[in-house]
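Which chain is which? The protein sequence lines are A and B, in order. The first sequence begins at 182 in this note's numbering and counts up one residue at a time. The second sequence begins at 9 in this note's numbering and counts up one residue at a time.
By construction, these hints were calculated from the structure, which means they are not laboratory data. Treat the hints with care, as some may be off.
To be verified - Cut-off 30 angstroms, straight-line C-alpha distance, at most; resulting in silico cross-link-like pairs (DSS-like, lysine-lysine):
1) B:Lys65 with B:Lys19
2) A:Lys182 with A:Lys287
3) A:Lys287 with A:Lys249
4) A:Lys287 with B:Lys19
5) B:Lys65 with A:Lys249
6) A:Lys287 with A:Lys223
7) A:Lys223 with B:Lys65
8) A:Lys182 with A:Lys223
9) A:Lys249 with B:Lys19
10) A:Lys182 with B:Lys65
11) A:Lys182 with A:Lys249
12) B:Lys65 with A:Lys287
Unchecked claim - Residues of chain A placed beyond 10 angstroms of chain B at every Cβ, according to the derived structure:
13) Gly222
14) Thr226
15) Ser227
16) Leu243
17) Asn244
18) Ala259
19) Asp265
20) Ala272
21) Gly288
Stated by the list, open to error - Residues on chain A that point at chain B, a partial pick, calculated with CB under 7 angstroms:
22) Pro221
23) Leu225
24) Leu230
25) Arg253
26) Tyr257
27) Pro263
Beta carbons are placed, not taken as given, at the ideal position from N, Cα and C, and that holds for glycine.
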Amino acid sequence: KQEVTQIPAALSVPEGENLVLNCSFTDSAIYNLQWFRQDPGKGLTSLLLIQSSQREQTSGRLNASLDKSSGRSTLYIAASQPGDSATYLCAVPYSGGGADGLTFGKGTHLIIQP
Amino acid sequence: DAEITQSPRHKITETGRQVTLACHQTWNHNNMFWYRQDLGHGLRLIHYSYGVQDTNKGEVSDGYSVSRSNTEDLPLTLESAASSQTSVYFCASSPSGSGGELFFGEGSRLTVL
Chain A
182 KQEVTQIPAA LSVPEGENLV LNCSFTDSAI YNLQWFRQDP GKGLTSLLLI QSSQREQTSG
242 RLNASLDKSS GRSTLYIAAS QPGDSATYLC AVPYSGGGAD GLTFGKGTHL IIQP
Chain B
9 DAEITQSPRH KITETGRQVT LACHQTWNHN NMFWYRQDLG HGLRLIHYSY GVQDTNKGEV
69 SDGYSVSRSN TEDLPLTLES AASSQTSVYF CASSPSGSGG ELFFGEGSRL TVL
């Protein structure tokens, strides 16, 4: 059974810092990996989708990397802003393809102090 | 813009009652999913569907059912609500096949008294 772990569970940093969120998964035979953002009382918003053939994806100040062989992914946030405060979740397919749903980590709760 | 909507957003019900949570998406996605989110457990898959007339059980399907009569809708039914089913429920959809990006609704908060 695929298991996803996110470290740290919570993080509080001053505005402007660069930071790294970590995600690890037990079964490296994944088709892709997604990073999501969840604001309090809201649904999940997809941030980045990395296919298994890719090493990284970038969107604005966000950069996600994927190392399938070691079962790890990182989400790098550059020049953090208070608006980045949210819970960040990573997810991988239950099975290789992903059409049968995703397994989620429990998330990293991020607070950016003004 | 295409979207995925859930209703009701908040519901309080009593133990033993039947409850149906609605999910409607306008992306024309074939794949649809229901998750529940609980403190300490994170998101867990309840049921999913690959298309019309197709339904499949997820990790925590006991006490829940779904039906798929068209592409746009996947209602989730709790046949006899239990207090353990108090949770936030999220519907999601993705394009056909595998490897597609997952899009989520805003969630439905259910309280079973």
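Hints that the structure is at odds with (numbers, increasing) | 9, 13, 14, 15, 20, 21, 22, 25, 26, 27
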